[in-house]
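Take a look at the letters that make up each chain.
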Amino acid sequence: MKVMMILANSSNGYALGNGGLAFIGLYILTLIVIGWLGHRAKKEDSLEDHYLGGRAFGFSVLFLTLYATQYSGNSFMGFVGKAYRGGFPVLYTVVAMMAVIGGYFIYAPRLYRLSRRKKYVTLGDYVQDRFSFRPLTILLVLIGIFGLGNYVLTNLLALGKLAEIVSGNRIDFNYAVIALAVVMLVYETMGGMRSVAWTDVTQGVILLISLGFIAFALFFHFGGPGGVAESLESVRPDIWDPPSIKQKITWLSSVLLFFFGISMYPHAIQRIYAAKDEKTLRRSLQVMSFMPLFTTFFLVLLGIMAISIFPSLERVESDRTTLLMLGKLMNELPALAIMGPLLVAAVIAATMSTIDSALLAISSMVTNDFYRTKYPNSNSKTLTRVGKMTSIIVMLCVVLLTIKLQDKTIWRLLEIKLEVLAQIAPAVMLGTQIRKIGAIPFFIGALFGTILAVYLTMTPNSKPLGVHAGLWGLGLNLILVFTIHIFSNVRRTGSPSLAK
Amino acid sequence: MKRVFYLLLPIAFLVTSVPWFFVKNNENRLFGMPDWVIYSLIGAASFAILMTILIGFFWNISSGESDDDFSK
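Residue numbers (our numbering), protein chains in the order written: chain H, 1 to 500; chain E, 1 to 72.
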């Protein structure tokens, strides 16, 4: 009876009972309390304090906020569904999530030192300081805002759908989106990055506990991949074959897209700025390197093992593989019934932590890179207020778009995130490593790289030769950067070698 | 040159972590998974170890020997 209060059967796989919904409600209220605590801990009314938490994040906060931000609801739902459909080849996602740390390694050491000395708050601060060319700063900030805006929209849509499913359609999509958006706005505007990071800590801990449960269920209850190998071989013999050459190229292309795209997330860059010291940042990134083995790997395995349990799901149904597996586990392990709501909370947590971080980054870029530049004499209090107003306006627009566009084909356009964010990489990675290259090559490279990436993404074959549109764009971007750089040096000095 | 080597090393590792040399399903299984999956998982674990070493010991190489700023 007690178990039935927490769970309820659903055709979608898993729905919470009243007790489970109350648990989720309590969890969401806790986030507001944490937001208020973040507000109380505020030291001053400045952009640095609001958007970087006073640059004082120790190891546990920095690591968990990086972790909760990097793993979104898409990791919990999208990766599992993808693994269900694609089988073992989807394991590329494990390497891809690790590749992000390789991207950080190229620019974070130098950028961190510069950010401490020059008090950078946003990505735009670095770009303006490094290149002193306003059009480039505006272009890269706009690319960042576009990528993050899409990220927020798609995650909010996923959050609304999830609320609908786990409540067994008792909660309406629109109400869920509005309510969760208000909660995120409340704790974010109260304490800025500090509140967001502290809620990320809670969310990160829930994610880790849930993954421990998933790992336990996979290896002890279902017997690991070995336990289901026989039925897997008979149901889906195709997933055992090594990827074809085209699939291998796409595998590498995906890994590189994560390398250059996710490492450029403006909110991740702000977390690099927010580290208390270099040692803290280094330790956090070192631990983050291993997290895909304990996160993405288990999630992909969950999707693969689901094939033997639910052998004939349609594509739409396969996106709910996580919930289906959860429903099955809850039926078979009623003693662990509390893990059901906790896992739902983990998916909600992963999605919310991604949305709030991205929203805060958008707000900081609008305030710092646009408003502050236009009104340089504004005091800290005014800027913080503008930042909060920006968050509210952006969230309002995002909520309206999510509700209006939920069934429209425009979502194809909104899926473009990494493809455009990767175009920022040359200016940040090469910009921190090679000081001789000026602003114009990066500007032209980023502009045409973005145009090509968006164009190819919108065409029916968005991966010519198995390579992602974003990488084609990045290739053009880099060719333009080096060609224009060398050409401009030849014109100036008569020899490309003098560029050195 | 040394700096370029350390900065490009992660990309080289990522390229090798793709199971390029596995063409056919040869029935070899370990922990219930085919050998090419084990290969890419070992590749992933190796990459994580590589990043830990690079971040731990070669951080200063990436940050650049000269720490002067960009101001003109």
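Simulated from the structure, these hints should not be mistaken for lab results.
Hints are not guaranteed to be accurate.
With a straight-line Cα cutoff of 27 Å, these simulated DSSO-like cross-link-like pairs (lysine-lysine) come out [unchecked claim]: (1) H/Lys276 x H/Lys82; (2) H/Lys119 x H/Lys276; (3) H/Lys381 x H/Lys119; (4) H/Lys161 x H/Lys404; (5) H/Lys42 x H/Lys404; (6) H/Lys381 x H/Lys463; (7) H/Lys246 x H/Lys42; (8) E/Lys24 x H/Lys436; (9) E/Lys2 x H/Lys463; (10) E/Lys2 x H/Lys279; (11) E/Lys24 x H/Lys246; (12) E/Lys24 x H/Lys279; (13) H/Lys463 x H/Lys248; (14) H/Lys436 x H/Lys118; (15) H/Lys404 x H/Lys43; (16) H/Lys276 x H/Lys404; (17) E/Lys24 x H/Lys82.
If you're wondering where the values come from, they're calculated on a predicted model, not measured in any experiment.
Okay, the hints, checked on the actual structure:
| no. | hint | in the structure |
| --- | --- | --- |
| 1 | H/Lys276 x H/Lys82 | violated, 37 Å |
| 2 | H/Lys119 x H/Lys276 | holds, 13 Å |
| 3 | H/Lys381 x H/Lys119 | holds, 17 Å |
| 4 | H/Lys161 x H/Lys404 | holds, 14 Å |
| 5 | H/Lys42 x H/Lys404 | violated, 37 Å |
| 6 | H/Lys381 x H/Lys463 | violated, 47 Å |
| 7 | H/Lys246 x H/Lys42 | violated, 52 Å |
| 8 | E/Lys24 x H/Lys436 | violated, 48 Å |
| 9 | E/Lys2 x H/Lys463 | violated, 34 Å |
| 10 | E/Lys2 x H/Lys279 | holds, 23 Å |
| 11 | E/Lys24 x H/Lys246 | holds, 15 Å |
| 12 | E/Lys24 x H/Lys279 | violated, 46 Å |
| 13 | H/Lys463 x H/Lys248 | holds, 13 Å |
| 14 | H/Lys436 x H/Lys118 | holds, 20 Å |
| 15 | H/Lys404 x H/Lys43 | violated, 40 Å |
| 16 | H/Lys276 x H/Lys404 | violated, 42 Å |
| 17 | E/Lys24 x H/Lys82 | holds, 23 Å |
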